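Colleague: So the chains spell out like this:
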Amino acid sequence: MRRGDVARTFLWIVLAIPAGLMLYNLARGHVLAMDLLHPSGEMSVRLMILALLPGPLVNFFGRNRFLQGWLSIRRNFGVAAFVYAMLHLAIYIFDMRLLSAILDELELPAIWTGWLALFLMIPPAAISFDRAMRALGRRWKQVQRLAYAALGLSLIHWLLLDWHWQPALVHLTPLMIAWVLRLIGNSRNRTLERSGI
Amino acid sequence: MKSVRTILGLGLVASVGLSLSSPAHADGDILCNSGPQEKWQPVKKLKKQAWLEGWELLKVQVEGDCYEVYARTENGQAIEAFFHPVTLRKLVVFRRGQEIYRAPD
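Protein chains in written order, with this note's numbering: chain A, 42 to 238; chain B, 24 to 128.
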């Protein structure tokens with residue numbers, strides 16, 4: 042195994058720990074399936090944020106070693122966010138038990154926003170490997186942007202379910218700061234270009 | 024990419040629309056003014072109350088000064104209900120963040 046592979050395997054073991062704990066507690070009867078809906082969904086959102094943050098940060102701070110390392114594993118975070126979203130769905134199905142009950146609440150805004158967010162994550166997750174990246178070229182990045190829409194919908198889904206805007210905002214804040222930095226960085230670069238430096 | 028911008032725009036419009044159109048229903052808003060816990064009805068009686076509703080009880084907890092019940096209705100709907108701890112009156116019922124019942128004053 043190459044060094045990169047070892048690191049990646051280690052990363053995925055770490056990423057799998059929360060899921061393992063959730064399933065362990067469920068199997069032991071320590072928690073109900075409904076108790077795991079929130080943590081699995083939240084985990085997915087957090088991983089998505091970890092995938093989205095390094096881009097704008099690199100834009101602003103340039104490529105230092107830390108950000109370069111983060112950037113090189115960001116796709117793993119994105120895929121893990123999708124895996125946790127699927128776990129979230131599996132727990133939901135397990136909790137609801139009846140297909141009729143699931144279909145019955147599909148029309149509720151708090152529910153369909155979650156479904157839509159999950160569907161929007163499928164294309165970016167499905168092409169998250171090197172060959173697809175090379176084959177798609179510029180289009181690859183465009184497809185990955187669906188993650189922004191998925192994240193937005195996930196936060197709306199979350200907000201509509203528990204009506205506490207603070208936790209959702211806390212999760213969004215680092216991204217908003219990073220986006221502002223990117224804007225500042227972009228305009229700075231343009232000024233430098235104009236002045237011919 | 025134009026379609027992504029469209030989706031983001033739609034998401035924004037939907038969120039603003041939803042936030043304007045939905046009634047306020049943060050569960051933190053519910054007050055029972057139930058007094059000291061020693062005078063509360065036992066959880067056993069609360070469970071019976073939920074059973075009389077025809078619900079399958081999932082979880083009971085104290086939320087603020089109210090009893091909160093997580094349950095499934097006969098049609099399999101996941102609900103969250105608040106009961107007054109002394110009178111055991113059903114006060115408010117939520118379904119996936121939406122208020123579906125509120126006791127008349």
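Treat the hints as calculated values from the structure; they're not laboratory data.
Remember, it's a predicted structure, so these values are computed and weren't measured experimentally.
For each residue, glycine too, the CB sits at the ideal point set by N, CA and C.
Check each hint, because a few of them may be wrong.
[Claimed, not checked] Residues from chain B shown here face chain A by an in silico Cβ test under 10 Å; the list is partial: (1) 52; (2) 56; (3) 67; (4) 68; (5) 77; (6) 81; (7) 82; (8) 98; (9) 100; (10) 124; (11) 125; (12) 126; (13) 127.
Colleague: Could you run down the list of hints and mark each one as holding or not?
Modeller: We went through each hint and held it up to the structure:
no., hint, verdict
1, 52, "9 Å, holds"
2, 56, "21 Å, violated"
3, 67, "20 Å, violated"
4, 68, "22 Å, violated"
5, 77, "15 Å, violated"
6, 81, "6 Å, holds"
7, 82, "6 Å, holds"
8, 98, "7 Å, holds"
9, 100, "6 Å, holds"
10, 124, "15 Å, violated"
11, 125, "15 Å, violated"
12, 126, "19 Å, violated"
13, 127, "23 Å, violated"
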